[in-house]
Amino acid sequence: MKENQRLRKAAVLLDQENQALLSELKQRLARSSSASSAAAGGNSNNALVTSRASKQAGLDAGKAAKTK
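Under numbering that gives the first Met the number 0, the sequence shown has 33 at position 34, and the numbering climbs by one with no breaks.
Calculated directly from the structure, the hints in this document are not laboratory data.
There could be a bad hint or two in this list.
[Stated by the list, open to error] Using C-beta positions, here's what the derived DEER-type ranges look like: (1) 3 to 26: 30 to 40 Å; (2) 1 to 39: 50 to 60 Å; (3) 1 to 37: 32 to 42 Å; (4) 13 to 34: 24 to 34 Å; (5) 25 to 3: 45 to 55 Å; (6) 0 to 24: 47 to 57 Å; (7) 4 to 38: 34 to 44 Å; (8) 1 to 36: 48 to 58 Å; (9) 0 to 39: 26 to 36 Å.
For each residue, glycine too, the CB sits at the ideal point set by N, CA and C.
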């Protein structure tokens, strides 16, 4: 039981860290996207990269760990 609680806390902390890192990555991509769009005249590939980066791949696994 205590092990389960410890693992839940660890999962919550990892989820929070992942959310913070994802937010930072999105900000960096947005800045580099806007800078390179201005330099390249509006390249549409940057929007594709940003949309792919916004997917949260590990979130479902984290939620599953919390509910066990």
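Verification of the hints:
Our hint of 30 to 40 Å for residue 3 and residue 26 holds, since their Cβ atoms are close to 35 Å apart. At roughly 55 Å, the beta carbons of residue 1 and residue 39 sit within the given window of 50 to 60 Å. Between residue 1 and residue 37 the Cβ separation comes to about 54 Å, which falls outside the hinted range of 32 to 42 Å. Distance hint check for residue 13 and residue 34: the Cβ-Cβ separation is about 31 Å, which falls inside the suggested range of 24 to 34 Å.
Separated by about 33 Å at the C-beta atoms, residue 25 and residue 3 break the suggested range of 45 to 55 Å. Distance hint for residue 0 and residue 24: a CB-CB separation of about 36 Å, inconsistent with the stated range 47 to 57 Å. The hint said 34 to 44 Å for the Cβ distance between residue 4 and residue 38, and at roughly 51 Å that hint is violated. In this structure, residue 1 and residue 36 meet the distance hint of 48 to 58 Å, their C-beta atoms being roughly 52 Å apart.
Distance hint check for residue 0 and residue 39: the Cβ-Cβ separation is about 57 Å, which falls outside the suggested range of 26 to 36 Å.
The structure shown violates the earlier hints numbered 3, 5, 6, 7 and 9.
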